[in-house]
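Novice: Produce the entire structure from the sequences given, and follow the hints as far as they go.
This is what each chain is made of:
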Amino acid sequence: MLTKRIIPCLDIKNGRTVKGVNFVDLRDAGDPVELAAIYAQTGADELVFLDISATEERRKTLANLVKNVARQVDIPFTVGGGISSVADVAILLHNGADKVSVNSSAVKHPDLICELSKNFGNQCITVAIDAKFINNEWVVHLVGGKVPTEYKLFDWAKEAQERGAGEILFTSMDNDGTKDGFANQALAKLSETLHIPIIASGGAGTMEHFKDAFVLGKADAALAASVFHFKEIAIPELKDYLYRHGIDMRR
Amino acid sequence: MKIVIIDYGAGNIQSVQFAIERLGYTAILSSDPNEIITADKVIFPGVGQAESALKKLQEQELDVLIPTLKQPVLGICLGMQLLCASTEEGNVKGLGVFDLAVKRFDQHLKVPQIGWNQIQDLKSSLFTGVATDSFVYLVHSYFVPQSEHTICSSNYGGLYSTGIQRDNFYGVQFHPEKSSSVGAKILANFLAL
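Here the protein sequences come in this chain order: A and B. Counting in my numbering, the first sequence runs from 171 upward without gaps. Counting in my numbering, the second sequence runs from 50 upward without gaps.
None of these hints come from the bench; they were simulated from the model. You can trust all of the hints, since none of them are fake.
The calculated SDA-like cross-link candidates involving lysine to any residue, where the alpha carbons are at most 20 Å apart (straight line), are:
{"hint": "1", "chain 1": "A", "residue 1": "Lys288", "chain 2": "B", "residue 2": "Gly139"}
{"hint": "2", "chain 1": "B", "residue 1": "Lys105", "chain 2": "A", "residue 2": "Glu285"}
{"hint": "3", "chain 1": "A", "residue 1": "Lys388", "chain 2": "B", "residue 2": "Tyr205"}
{"hint": "4", "chain 1": "B", "residue 1": "Lys159", "chain 2": "A", "residue 2": "Ile417"}
{"hint": "5", "chain 1": "A", "residue 1": "Lys359", "chain 2": "B", "residue 2": "Lys159"}
{"hint": "6", "chain 1": "B", "residue 1": "Lys105", "chain 2": "A", "residue 2": "Ala260"}
{"hint": "7", "chain 1": "B", "residue 1": "Lys51", "chain 2": "B", "residue 2": "Arg71"}
{"hint": "8", "chain 1": "B", "residue 1": "Lys234", "chain 2": "A", "residue 2": "Arg421"}
{"hint": "9", "chain 1": "A", "residue 1": "Lys349", "chain 2": "A", "residue 2": "Glu407"}
{"hint": "10", "chain 1": "B", "residue 1": "Lys234", "chain 2": "A", "residue 2": "Thr212"}
{"hint": "11", "chain 1": "A", "residue 1": "Lys278", "chain 2": "A", "residue 2": "Tyr321"}
{"hint": "12", "chain 1": "B", "residue 1": "Lys159", "chain 2": "A", "residue 2": "Ser287"}
{"hint": "13", "chain 1": "A", "residue 1": "Lys349", "chain 2": "A", "residue 2": "Glu378"}
{"hint": "14", "chain 1": "A", "residue 1": "Lys288", "chain 2": "B", "residue 2": "Ser190"}
{"hint": "15", "chain 1": "B", "residue 1": "Lys104", "chain 2": "B", "residue 2": "Asp56"}
{"hint": "16", "chain 1": "A", "residue 1": "Lys359", "chain 2": "A", "residue 2": "Asp325"}
{"hint": "17", "chain 1": "A", "residue 1": "Lys316", "chain 2": "A", "residue 2": "Ile222"}
{"hint": "18", "chain 1": "B", "residue 1": "Lys159", "chain 2": "A", "residue 2": "Leu386"}
{"hint": "19", "chain 1": "A", "residue 1": "Lys237", "chain 2": "B", "residue 2": "Ile77"}
{"hint": "20", "chain 1": "B", "residue 1": "Lys172", "chain 2": "B", "residue 2": "Asn238"}
{"hint": "21", "chain 1": "B", "residue 1": "Lys142", "chain 2": "B", "residue 2": "Arg215"}
{"hint": "22", "chain 1": "A", "residue 1": "Lys328", "chain 2": "B", "residue 2": "Leu158"}
{"hint": "23", "chain 1": "B", "residue 1": "Lys105", "chain 2": "A", "residue 2": "Val256"}
{"hint": "24", "chain 1": "B", "residue 1": "Lys234", "chain 2": "A", "residue 2": "Ala207"}
{"hint": "25", "chain 1": "A", "residue 1": "Lys237", "chain 2": "B", "residue 2": "Gly58"}
{"hint": "26", "chain 1": "A", "residue 1": "Lys388", "chain 2": "B", "residue 2": "Leu158"}
{"hint": "27", "chain 1": "A", "residue 1": "Lys237", "chain 2": "B", "residue 2": "Phe67"}
{"hint": "28", "chain 1": "A", "residue 1": "Lys322", "chain 2": "A", "residue 2": "Gly334"}
{"hint": "29", "chain 1": "A", "residue 1": "Lys359", "chain 2": "B", "residue 2": "Leu158"}
{"hint": "30", "chain 1": "A", "residue 1": "Lys288", "chain 2": "B", "residue 2": "Lys105"}
{"hint": "31", "chain 1": "B", "residue 1": "Lys105", "chain 2": "A", "residue 2": "Ala257"}
{"hint": "32", "chain 1": "A", "residue 1": "Lys237", "chain 2": "B", "residue 2": "Arg71"}
{"hint": "33", "chain 1": "B", "residue 1": "Lys142", "chain 2": "B", "residue 2": "Gln195"}
{"hint": "34", "chain 1": "A", "residue 1": "Lys328", "chain 2": "B", "residue 2": "Pro161"}
{"hint": "35", "chain 1": "B", "residue 1": "Lys159", "chain 2": "A", "residue 2": "Asp418"}
{"hint": "36", "chain 1": "B", "residue 1": "Lys159", "chain 2": "A", "residue 2": "Thr363"}
Non-contacting residues of chain A with respect to chain B, defined by C-beta distances greater than 10 Å in every case (computed):
{"hint": "37", "residue": "Val256"}
{"hint": "38", "residue": "Asp281"}
{"hint": "39", "residue": "Glu307"}
{"hint": "40", "residue": "Ile405"}
From the three backbone atoms N, C-alpha and C, an ideal C-beta is built for every residue, glycine too.
Specialist: Laid out in structure tokens, this is it:
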């Protein structure tokens with residue numbers, strides 16, 4: 171059986187792991203390579219590194235960090251933040267990243283998804299989407315959730331899939347940082363209308379929230395940061411809990 | 050022991066090199082035929098799209114060299130698929146080491162399959178010390194059907210080959226370099242052949 175994935179997300183700024191509450195008020199939570207190795211040892215299925223400052227600061231790659239992670243960590247990982255060209259992706263993959271995620275740059279230049287998919291295959295292209303529920307619609311936002319766009323979540327996700335995305339990482343801006351659970355209705359709609367895997371992000375606070383993301387939200391993977399970084403939820407216990415509730419887990 | 054990872058510009062081959070280093074060996078990345086021919090073990094990796102990977106192999110005439118190798122060769126992911134006779138991905142011919150046709154996963158499945166799945170019916174010394182139903186990491190949209198060459202299988206909308214072998218040629222669909230301790234064991238077994 172293909173199992174559901176638990177993915178700690180390491181938000182990176184200046185080479186350190188940080189996690190914001192609604193993407194502001196950053197708190198330092200450690201060395202990314204060390205943290206990544208601990209997560210791999212304790213049963214994380216995959217890791218995501220997001221350079222959250224990248225889009226604003228136009229920082230390019232995390233090539234060195236990627237190489238250090240790849241050297242020490244034996245589970246797959248995705249790298250995102252500030253990726254806007256085939257050359258950016260080539261460097262990250264060459265240094266050992268398994269997948270890359272694109273967000274703002276893909277919204278601004280949707281052809282980027284096609285180019286990346288053609289060059290590297292869609293299996294390593296994750297399209298990350300930040301959206302906020304406004305006037306009864308999920309509105310896609312840019313630059314870490316600060317700038318609204320004309321795109322709606324479901325249309326954009328479908329377009330991304332058609333252009334060659336291999337996976338969608340959906341972050342609900344309304345849920346992110348609240349610890350009140352994932353945006354399960356929107357997740358379920360994404361999962362039912364698309365034929366690529368969906369990663370749930372934003373809102374994890376309890377183990378039950380993860381269960382809901384898989385059962386109600388029909389997500390293929392669930393991503394969280396602070397609940398893992400601040401040891402509020404331990405991954406082995408989480409996986410045991412989910413397994414006991416009938417969800418296929420690698421344990 | 051001389052270990053060569055064929056470097057033809059496809060995918061994140063450094064991960065394979067790092068995984069071998071974690072086992073205490075060194076591996077050379079090379080596309081030089083002399084380096085490849087004189088290696089004790091050859092790893093043929095591949096991530097990406099079949100047609101463009103094949104083109105890169107052809108440019109360096111590696112498509113001709115690889116099927117003639119006599120030492121143990123391990124194709125990983127796309128590398129395994131390219132060892133087959135043909136693939137539905139771009140409808141191109143492979144290197145033909147295995148007389149098998151690579152197919153696309155059924156439309157009703159989520160494709161690509163991304164994540165950890167189990168391997169069963171383990172039939173090779175590649176899996177010495179590996180328990181049946183162990184988890185490995187997979188990311189792919191095309192698959193190798195079961196055949197007499199199958200040395201392990203996984204289930205995704207039905208059973209298919211996640212491992213194949215013919216003589217000195219081995220192929221695994223999963224990424225041993227990213228499959229935690231199980232993957233490390235399988236890589237170590239390959240290096241011990």
